[in-house]
Structure formats: C-alpha cells, structure tokens
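Protein chains: 2
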Amino acid sequence: MSFTQELERAAGLVEGRLAELLTREPAGDSGALAAAMRYAVLGGGKRLRPFLLLASARLFGLREDACLDAAAALECVHCYSLVHDDLPAMDDDSLRRGRPTTHIAFGEATAILAGDALLTLAFEILSGERTHPDPAVRIELVGLLAKAGGWQGMAQGQALDLAAEGQSLDLAQVATLQALKTGALFQFACEAGAVLGRADPEARAALVAYATAFGQAFQLADDLLDAEGDAALLGKAVAKDAGRGKATLVGLLGIEAARLRLGELVQAAETALAPFGSTAEKLRETARFVAERRA
Amino acid sequence: MSFTQELERAAGLVEGRLAELLTREPAGDSGALAAAMRYAVLGGGKRLRPFLLLASARLFGLREDACLDAAAALECVHCYSLVHDDLPAMDDDSLRRGRPTTHIAFGEATAILAGDALLTLAFEILSGERTHPDPAVRIELVGLLAKAGGWQGMAQGQALDLAAEGQSLDLAQVATLQALKTGALFQFACEAGAVLGRADPEARAALVAYATAFGQAFQLADDLLDAEGDAALLGKAVAKDAGRGKATLVGLLGIEAARLRLGELVQAAETALAPFGSTAEKLRETARFVAERRA
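Chains A and B are the protein sequences, given in the same order.
Position 152 (the first sequence) corresponds to 152 in this note's numbering; numbering is contiguous.
Position 250 (the second sequence) corresponds to 250 in this note's numbering; numbering is contiguous.
Chain A on its own, in the form it takes in the complex (with noise of 0.2 angstroms):
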C-alpha cells in the first residue's frame, strides 16, 4: 500500500468515527446545529493529525480501533478552529475544501455554534471508555487538548494572527506565532499516541521533538504552497497572506531559503525519531509527504 494509500485508508477510518459520533440528533432540533457540525467535520480533508496521532500510538503497540476516539476528538477540535478562523470577523474567508465555508453554508450564527460544539464534543469524547480504560489517561489526554487548543496553544496563535496583520513580525515572532497556531495541536497529536501507549519519558520526548519539527515543516509547505500554489489544487484560494500583509517564513527568507529550511526540518522530524529505528518509518514518510504535497 502507498503513503497515499495508507493516509487514505486512515482518514476513512477516522471519518466513519466521527460520523457515528455525531449520528445522534439533538433534542427538539431543528437539525441546523447538527448539520453544521457534520459538514464542518465530515467535509473530507487529510486527516493529517489523527493520522500522526495513529501512527505514534502505534509506535507501543496500540491498534488502529483503541485509538480512533481519541483521534476522533483531535480533529473535532482542528475543524472547530477552521470554521471560526474562516468567520466574517476573522479571516472572512468563503471556501475551504473546495466548498462553501460553514457560515457561508449555514449563516454565522449557527457556524459560531457548530464550532463551540465541535470543542464541546472533543472533551465529551476524550471523557468516555471508548478513549481509553484507564481514567488517569483519559484526564491527561484533556488537559494536553485544552492546553495544546487553548489560550497558550492554537488559540492565542490566532490571536497573534490576528494582531500580526499589516504589522512587520521577526522570525522568532512568526515562528512563535506558528507554534501555537498550527504546532500546538501536531504536537497533541504525537504526545497523545504516546500517553495512550503508556509509552516512557525518552520515547514520548521523541514524539515531541519530532512533532515540533514536523509542525514547523508543515507550516513552511504550507506557506511555499500559499505563495506558489495552485488554487483549483487547493481547493481554496491563495497568496491571501501577501494580500493581507502577514508575516510568512516565506516572506521573511525568500523563497529559496525557505524550500532549504524546509528540506532541514524533515531532516531534523526523521533524527528525533532515532531511538523508535524503523517502526518509525511511517513517521518519516509523513514529514516527506507533508514537504513535497502540491495540494
């Protein structure tokens, strides 16, 4: 099977859990709440985090189906930061997937609330058996999403995204930016498959170290792809960052430097993951795939 193939086959997995966990509709629902956390979350994408999520659980031994809970809850929460940071009031953005963004679909009202409960729902799930056996693991799986979602995670990043428009931001600060933003959550996703394999404090800092260079690997293609990409590929549109006056590593290096910066954090993600020799091979071939993607 090819990485492609086997990304594929992981975000079926995924996507069929998170259809089960929203089948259930609210009481006396007009069903718009409903339907606009599925569309939100069952639009299709990657998968990228639950993926990485799988594949570092899998590192301990942990199969697929122990682990789609709690990979489950990770993409509610990525979907829920898509749907507010596309808002009128935040990014404005109309198209994401190739579709209609959720307030364009739903009104922005109801995209509000599909978001919150989106968050809401991750937590819920995190809570239950299905996650994991042991309620120690099940808490500390929620206090690294609300940490890694929160307002010294994902949240502040779009926080400071928001500040950084038309302002002139230093590497150190884009890179900051950055970490919280997109890098928070990559690294919930590899420190969550090693709290859920019990896995030991050298192995779950691998994780960590390799999640902190893929994020940043992650964010740099996706900004070389935002100033060189094709928008029909994307399926959403693109040099937005130049037009809004953002700070991009691209920016900053050029597009040169960046693609060699690039190139050293897949290097520095596939070192960290050392100590795991060739189990980790999967790892690996994420950090290059997420490198050299077009689209």
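There's no promise every hint is true.
As the list makes no split between identical chains, a pair holds if one copy fits it or if it spans any two.
Lysine to aspartate or glutamate pairs mimicking DMTMM-like chemistry, simulated, CA-CA at most 25 angstroms apart [stated by the list, open to error]:
(1) 46 / 285
(2) 282 / 256
(3) 282 / 129
(4) 46 / 65
(5) 147 / 6
(6) 282 / 134
The hints are simulated quantities; they were obtained by calculation from the structure and are not laboratory data.
Starting from the structure of chain A, add chain B where the hints point.
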C-alpha cells in the same frame, strides 16, 4: 450572615480563584486575548452556578476550597456562553452587567477567541489535580460539563433560541429550549457537587430534580424581569425578548399565571431536597432568592 452576604462571600472566593487561574501571560502575547478573557470572566456577576455547586457539595461534607476549581470551570463555560451569545451574529447585545459587552470592548474577533479560550480553559481546569485528587472523578466532571454545554445541551439551546425568533413556539417547545439553554448548566452545578462528594445515586437524583425545578424557576423569573424589570437595576436592556418576537413562558402564560407557576417551581425545588432535611436549607434559600430577585 444574610443569604445575600453568603452569596457575595462565595462569589468573592470564586472570583479570586478565577483571577489566579487567569494570571499567566500567554506566549508572545500582545495581551489582547488574555485581557478579553479576564474582562469576560472577572466582571462581577452573582456567580449563582458556582454557588449551587459549592452548596451541593457541602451536603456531602466538602469544604469550599475543595470545590473551587470545579466551580471556576463551570463559571468559565457560563461566561464564554455570554460572550458568544452577545455577538452581533447572535443576540447582538452591547451591554452586560452594566458594561460594554466583550466584543464592544475588544472587537469581534478577539471576543470569539476569548469565548473559545474560556471554554477550553474550563476543561484544562477540570483536568487538574486541584479539581479532585481522583482522576475518575475529574473525568466524570469533564463528561458531564461537555454534555451540559454542548450540542445536546446549552449550545443546542442557543441554536433553538436563534431559530425561534419570529416563530410561535408552544409551551413544550419553550420548556425544551430553556431546559437546554439555561437548565443544563444548573443541572451540572448540582450534579457536580454530588460527583465531587461521591453522593449515592438517590442523593444525586434528588439534586438533579432540584436543579431541574430551579432552572425553570430561574428562567421564569428572568422572563418576568425582562417583561417588568428596570433596566437601570438590571444593567442590561429590558423587554428585548418581546421586541425580538422571542417566545417566553411569560408571553405564553401571561404575567399572572407565570407568577403562580414560579411559586410552584420554587415549591418543587424545595420538595426535591426533602432527603437532605435541614442541611439543604441554603439550596432552598437559593431557589427562593432567584424567584424573588428584582435584578
């Protein structure tokens, strides 16, 4: 100490703990997100939900300081819901507790993020050992709060409320809406006290029954205040429900019948506490207090 003084004392404890929890400065911060979170949370208020939680846990011998983190988490969820409900796309309110609402004071984007971050912080707080030494208790609280706040609870109630504008709901529909929108968090408050205190199922069920009647009484009193109240005392606009064509029980029943029903609900709330005898007097007083309040 009078009941009002007791309420104020407890509110001070909760406010103090919330202020501690919101002390840290996020990484690379311009300050806006954290400032908006503090503004939304530390702006006073009666802290009625935390008060119910502390009073419920007290029935099982728990001291207030052992319950403060769970109470603070609950208040974070309540305050996030106010911030998001006040947004222009939702209820479009510019005044809350006599002050500009968060999006008026900090802008819409920061208000959305502050709400998101407060919701996330609630779960971070619940995950911490200060909430309860037993991970099984903490994860149970996470599950209960997520259910109460999410798409089968408060978020769904707000979705129904938005959908109801200009519609003519019947009594059962209004009751469902209110049970979700405001009832769910009151139920969490009392049930969390039972969970923290490791209550037996009967005691827990009694508290849930109390909370159900209490929540209905609270909402009915709120609707009566909206219909009859004094904007200066309330610190927010009045008669706005009627102005928006929102169905309320007062509108459906008339003021006279609504006042009678309110008395019955307070009676039901008090009766539900029978198993606790005189130790539950504080909870009984709370029910009478919300029914009689004028602001």
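Index of numbered hints that the structure contradicts, given in increasing order: 2, 3, 5 and 6
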